[in-house]
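**Q** The hints should help you fit chains B and C onto chain A, whose structure is shown.
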Amino acid sequence: MSTYVLVHGAWHTGAEFEPVAAPIRAAGHQVYTPTIKGNRPGDAKTTGLKEAIQSIADYLAENNLKDVILLGHSYGGMIITGVADLAPERIRRLVYWNAFVPNNGECLNDMVPPHYIGLFDTIAAERGDGSVVLPFPVWREAFINDADLETAQRAYNILNPHPMATFTDKITLKTNPAEMPLAKSYINCTEDIAMPHSHPWHPRLSEKLGLFRLVQVSGSHELCFSDPARLAKAIMEAGRD
Amino acid sequence: MSTYVLVHGAWHTGAEFEPVAAPIRAAGHQVYTPTIKGNRPGDAKTTGLKEAIQSIADYLAENNLKDVILLGHSYGGMIITGVADLAPERIRRLVYWNAFVPNNGECLNDMVPPHYIGLFDTIAAERGDGSVVLPFPVWREAFINDADLETAQRAYNILNPHPMATFTDKITLKTNPAEMPLAKSYINCTEDIAMPHSHPWHPRLSEKLGLFRLVQVSGSHELCFSDPARLAKAIMEAGRD
Amino acid sequence: MSTYVLVHGAWHTGAEFEPVAAPIRAAGHQVYTPTIKGNRPGDAKTTGLKEAIQSIADYLAENNLKDVILLGHSYGGMIITGVADLAPERIRRLVYWNAFVPNNGECLNDMVPPHYIGLFDTIAAERGDGSVVLPFPVWREAFINDADLETAQRAYNILNPHPMATFTDKITLKTNPAEMPLAKSYINCTEDIAMPHSHPWHPRLSEKLGLFRLVQVSGSHELCFSDPARLAKAIMEAGRD
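Residue numbers (full-length UniProt numbering), protein chains in the order written: chain A, 1 to 241; chain B, 1 to 241; chain C, 1 to 241.
Excised from the complex, chain A in its bound form (with noise of 0.2 Å):
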């Protein structure tokens, strides 16, 4: 059976992968869900790009862990291609789940829309310690559409603030994804409209990785609460050989 390492996004750590983790679990594979450097509860909300990546580099290398489905969702699609560029050998194929897609040179915030960086910007300075969080608005409408408000209010309530350097350092990859020598999927979930449809996830950053395997599933960027047994299902689609 295979090993999955799932990366989670901005705002959220390892925890809410939990539910999804159990049946892959169940069909018998070994799953991990490490939180990134900077979401981990007293991690400084300074840390920055290159930290966060080396936090789940040096989680791979403690573990040892090899010929690894590694996947990231939406910020941690930066987590996951910086990792296969630091250590390709661990790698056997890249799971993106609505997640940004980095070219070297690239930060996050390079593929967002305005209205996205003047509202974290805003958020930031009144914020004062690096981090920026996301109003409830936003996330009940955009990010989590498909659940009714309780899941939305519950998973929000476990959301934490997230260090907004790492959206706009800028990341150094010896190998652009699409020249990676690895297999690479994108899961998209069809009403993700956490990006909007002036900068879509698919195909707009999921063409970035070259040849790779569509997997599409209904539901909204926060799949993981809303439904996570389906998410699992999509993660096994996307990570099987």
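Please keep in mind that the hints were generated in silico from the structure rather than gathered at the bench. In this text, a Cβ means the ideal position worked out from N, Cα and C, and glycines have one as well. Warning: the hint list may mix true and false statements.
Claimed, not checked - Partial selection, computed: residues in chain A whose CB lies under 8 Å from chain B: (1) S2; (2) P137; (3) V138; (4) E141; (5) L149; (6) E191.
**A** Showing chains B and C alone in chain A's frame:
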């Protein structure tokens, strides 16, 4: 529970929403299905957009409806936008179902491809009473492509000639939809080709809402006939807080 | 009941449509699954597009088929368009399943992105007998992304080298598809990335049909292998009056 007002599209009346209203009522909500002025039996087919909008604003007032989830289908998007501008205090959320979203000064025909405008002009000129109808082949292939022929024919037989002026009258709004401080949702049927893909419903028109919740469902422009229960479910997902 | 003729794509034969034909027959219809000249055992791999089209026109004539619902998959769209131009009197409806839609003077390669043309040229030059094959990684990730590896491998093993001239020969039509006075449908598999999203099947090619019925279904370019029963259902929805 909530109060839904479902506003039909061109050629329809409120009666066609009854099979959609039934499951929403069964879930505990109140549902109203008014018919817009110009589509009621005996209405002059010279009815214009302003009168049409006013008839639904009057309906809300006469029934003293508050906290309304106001849905508009297709042409009904013109109506609910106008009603929201006149009486925002009665509305909790606007729901557009494959509907037109006008800004101040726009008419429906401004959002329609040229071949429809030519078709409507030709048919209206032949009829000579201010009304326009849809040819059956267009209805069957592009409006109700997900139904069998018997359903398509039966639905076609209950359509009524539509007042053409409501397509060409420009709407007057104090506030454009994106700036209205109301919650908004857009329901997009993924096989709706009533608008061709050069002029799609979503995201071309949905994006005019600013922040909105997307709900997508498989089906044609006339899901009210082909699968009313599925539409009812989508409406409740779009309408909830 | 109706008469269906299912015309396969490049690298396939009619035999691969048998699991799709079975549920259509079970619903009471007649189904024919001819193999195009150039893909039959022993055919010269120098077969051109005109001969290929003629072989299916001859098949309809030899079997005296009338009122045919004529489906083409992928390359089969070139064939059914040519057959409809030669023998419109035999056809009730054209159904394109993720298929090429040519106008007069176009060849298949005119509708394909440059990287495929380069790939095909390189492979055809190596083979030297007029035929082209698909590399397995492209097949697995971009053609049959919805199947497990065993199904992908098994299907790959029964493909046959395809005559390259049928991709580069320009079609001669008296009437372009949009002007053909025939009913038309387009079946679009929503996870079909055999054409990349810079050159999508739908709406880029479907729009060349003029008025057409859209049927969408979840699945890859090779749904005939990954879920033949689901494809059969879509074909009957596309083919009915």
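**Q** Regarding the hint that E191(A) lies at the interface with chain B, is the smallest CB-CB distance below 8 Å?
**A** holds (5 Å)
**Q** Return the status of the interface hint for P137(A): holds when the least beta-carbon distance to chain B is below 8 Å, violated otherwise.
**A** At about 7 Å, which falls below the 8 Å cut-off, the nearest Cβ of chain B leaves the hint on P137(A) intact, so it holds.
**Q** How about S2(A): closest beta carbon in chain B under 8 Å, or not?
**A** S2(A) check fails; min Cβ-Cβ to chain B is 31 Å, beyond 8 Å.
**Q** Would you settle whether the hint for E141(A) is holds or violated, based on the nearest Cβ-Cβ distance to chain B being less than 8 Å?
**A** At 4 Å from the nearest chain B Cβ, E141(A) passes the 8 Å test, so the hint holds.
**Q** Quick one, is the L149(A) hint okay against chain B at 8 Å, beta carbons?
**A** Status holds, d = 5 Å.
**Q** So, as I understand it, the hint says V138(A) touches chain B; can you test that by seeing if any CB pair is closer than 8 Å?
**A** holds (7 Å)
Checked against the numbered hints listed earlier, the structure breaks hint 1 alone; every other hint is satisfied.
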